[in-house]
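Each protein sequence line maps, in turn, to chains R and V. If you use the numbering used here, the first sequence corresponds to residues 8 to 285, in order. If you use the numbering used here, the second sequence corresponds to residues 32 to 297, in order.
Treat the hints with care, as some may be off.
[Claimed, not checked] Taking beta-carbon pairs under 10 Å as the criterion, some of the chain V residues facing chain R (in silico): (1) V194; (2) P206; (3) S207.
[Claimed, not checked] Restricting the straight-line Cα-Cα distance to at most 20 Å, the calculated cross-link-like pairs of lysine to any residue (SDA-like) are: (4) R:K85 x R:P237; (5) V:K193 x R:A95; (6) R:K73 x V:P183; (7) R:K98 x V:N192; (8) R:K133 x V:P87; (9) R:K135 x R:A95; (10) V:K76 x V:W94; (11) R:K73 x V:M191; (12) V:K193 x V:P183.
Read the hints as simulated data drawn from the structure, not as lab findings. What you are looking at is a predicted structure, and each value in this text was computed from that prediction instead of being measured. C-beta atoms are modelled at their ideal positions from N, C-alpha and C, and glycine is treated no differently.
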Amino acid sequence: MNLVLSEPQRAAAAPVAVEPVVEILSAEKIFANGFRGLAPIDLAVGRGEFVSLIGPSGCGKSTLLKLIANLIEPSDGKIMWWRGPFDAVGKAGRQLAFVFQEPTLMPWARVARNVRLPLDFLRLPKAKSEQRVRAALEQVDLLPAARAYPRQLSGGMKMRVSIARAMVTEPDLLLMDEPFGALDEFTRNRLDEDLVRLSWQRHLTTVFVTHSIYEAVFLSSRIVVMAANPGRVFAEFSVDEPYPRDENFRESERFASRCRDLSALLTEASFASRKVGP
Amino acid sequence: MTPLAQRAWFWPVVAPIGVGVLLLVGWQAMCDYFEIPPYLFPSPKAIVTAFLDDYPTLLHALWSTLKITFQAFALAVVLGSLTAFIFVQSRVIELSLLPYAVLLQVTPIVAVAPLLIILVKNTPVALTLCATVVAIFPIISNTTIGLRTIDPGLLSYFRMNKVGRAETLIRLRIPSALPFFMAGMRISSGLALIGAVVAEFVAGTGGRSAGLAYEILQSGFQLDIPRMFAALFLITLTGVVLFAAMIGLQQMLLGHWHESALKGET
Ligand SMILES: Nc1ncnc2c1ncn2[C@@H]1O[C@H](COP(=O)(O)OP(=O)(O)OP(=O)(O)O)[C@@H](O)[C@H]1O
Ligand SMILES: [Mg+2]
Chain R
8 MNLVLSEPQR AAAAPVAVEP VVEILSAEKI FANGFRGLAP IDLAVGRGEF VSLIGPSGCG
68 KSTLLKLIAN LIEPSDGKIM WWRGPFDAVG KAGRQLAFVF QEPTLMPWAR VARNVRLPLD
128 FLRLPKAKSE QRVRAALEQV DLLPAARAYP RQLSGGMKMR VSIARAMVTE PDLLLMDEPF
188 GALDEFTRNR LDEDLVRLSW QRHLTTVFVT HSIYEAVFLS SRIVVMAANP GRVFAEFSVD
248 EPYPRDENFR ESERFASRCR DLSALLTEAS FASRKVGP
Chain V
32 MTPLAQRAWF WPVVAPIGVG VLLLVGWQAM CDYFEIPPYL FPSPKAIVTA FLDDYPTLLH
92 ALWSTLKITF QAFALAVVLG SLTAFIFVQS RVIELSLLPY AVLLQVTPIV AVAPLLIILV
152 KNTPVALTLC ATVVAIFPII SNTTIGLRTI DPGLLSYFRM NKVGRAETLI RLRIPSALPF
212 FMAGMRISSG LALIGAVVAE FVAGTGGRSA GLAYEILQSG FQLDIPRMFA ALFLITLTGV
272 VLFAAMIGLQ QMLLGHWHES ALKGET
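Between the sequences and the hints, there should be enough to build the whole structure, so can you do that?
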């Protein structure tokens with residue numbers, strides 16, 4: 008397995024030139040039941056990077072993302088945000104937003120109030136937050152649905168509300184766990200295009216979990232391929248393509264060849280994920 | 032314009048009323064045909080006549096029973112929700128107090144009522160307490176479940192945003208609990224009425240604070256069966272009105288978002 012890995016690993020070894028937003032320093036996760044979810048991981052995400060995590064099911068992608076969101080704590084090692092502890096996250100210029108796999112909206116609140124929720128947490132003046140909510144809904148094309156209830160929306164629309172709720176805080180670090188996994192191909196492509204445009208316009212730093220090779224190549228500046236048993240970083244894969252990207256990139260030969268390379272790498276990662284021992 | 036028979040409300044309203052009218056007509060016809068004496072089984076006409084003969088007393092009794100019912104219901108809602116809030120604060124509190132709540136629930140009110148009536152000198156207060164004991168349990172258990180049944184994703188979202196306990200309670204737990212709370216209210220309102228009537232039966236108080244149960248007892252002693260039925264119907268009517276009011280309230284609070292209150296829309 009060492010043979011095939013040399014090429015992507017060289018890309019990984021290149022130091023991150025820009026200021027790191029997240030640094031994972033030998034962070035390891037052993038769950039309460041003794042299960043080793045993540046072997047010690049080292050990973051840095053630089054400012055403005057779009058990093059995707061991809062790998063076979065159960066390799067710890069969600070666990071790694073939760074560590075980055077501070078939803079769970081590492082059993083060993085540490086994580087730094089903007090070169091400091093998590094306490095400073097949430098201050099100006101260090102806003103973090105998390106988009107779950109499910110839309111996780113409040114069913115009793117209209118779309119606009121759902122999007123406003125994080126601003127209410129921040130105690131923003133009403134007039135100002137209304138204006139930002141409107142802008143966020145406009146970005147995801149949902150202004151006409153502002154007064155609807157979540158149950159009146161399609162799955163894709165709900166997901167867009169969830170993204171608007173993340174965008175409304177004008178985050179600096181955006182974490183997304185398979186946000187479009189439950190959507191059809193067409194809707195997913197559209198949302199991917201929206202996302203790539205938004206993150207480009209806003210200079211967002213994004214960590215994105217996905218199962219889709221095409222999605223990872225389309226969105227990312229760097230792809231982290233993970234393997235399971237135990238969960239670890241298997242290889243890293245750079246996508247040196249200029250932003251903003253659009254459907255032209257998706258139809259290009261370069262895109263196809265990147266997808267083939269990533270697919271081969273993923274096959275190796277799956278192979279390396281087989282259970283060892285009895 | 033939509034024809035009347037195709038409106039959404041038409042059949043749910045008209046069909047039960049139709050059945051009711053048919054039943055009443057059949058009942059009256061049976062009583063007339065077989066010449067059943069009113070002291071065995073009164074006809075609707077006899078019941079209406081009995082009500083009109085004595086409606087000031089009966090309505091006064093209805094008012095007494097209603098007062099007990101509403102007081103008990105209000106008390107059950109307030110105390111029950113408070114208890115639920117205390118329960119969800121910690122497992123230890125819930126585990127140590129829940130058995131007593133269950134104790135209240137399983138002890139038949141008929142057995143407790145005499146004791147309460149002896150202990151509490153003021154009869155209306157004693158009656159209210161009895162009815163509260165009956166009505167409180169559904170509020171406690173439903174609200175507790177509701178406050179615990181929260182979308183784990185939303186809970187993570189609140190945690191990630193470092194939202195405090197009080198704010199999480201107001202913004203997340205209470206709205207999530209509302210459908211459960213409303214279901215508890217519906218059961219509890221009926222139980223408050225039952226509790227009030229049972230307590231009145233046991234207390235047997237007459238005079239100015241005589242309730243419908245007392246009127247039923249009195250009518251029984253005097254073999255005035257039509258009057259007994261009239262009092263009984265007033266109780267039933269109260270129950271129906273309470274139930275409808277609860278449905279209305281639920282519709283108002285949850286109608287736009289919760290499955291339990293959505294009508295004919297999927
Ligand atoms: N709280 C927990 N306690 C014990 N084991 C857990 C816990 N959470 C996750 N795991 C285990 O850790 C491993 C990694 O889980 P994780 O959810 O991170 O995988 P994933 O890569 O996101 O998978 P998928 O692609 O299917 O979402 C899995 O084997 C899972 O069973
Ligand atoms: Mg996952």
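Structure-based check of all given hints:
no.	hint	result
1	V194	6 Å, holds
2	P206	5 Å, holds
3	S207	8 Å, holds
4	R:K85 x R:P237	18 Å, holds
5	V:K193 x R:A95	12 Å, holds
6	R:K73 x V:P183	14 Å, holds
7	R:K98 x V:N192	12 Å, holds
8	R:K133 x V:P87	56 Å, violated
9	R:K135 x R:A95	24 Å, violated
10	V:K76 x V:W94	24 Å, violated
11	R:K73 x V:M191	10 Å, holds
12	V:K193 x V:P183	15 Å, holds
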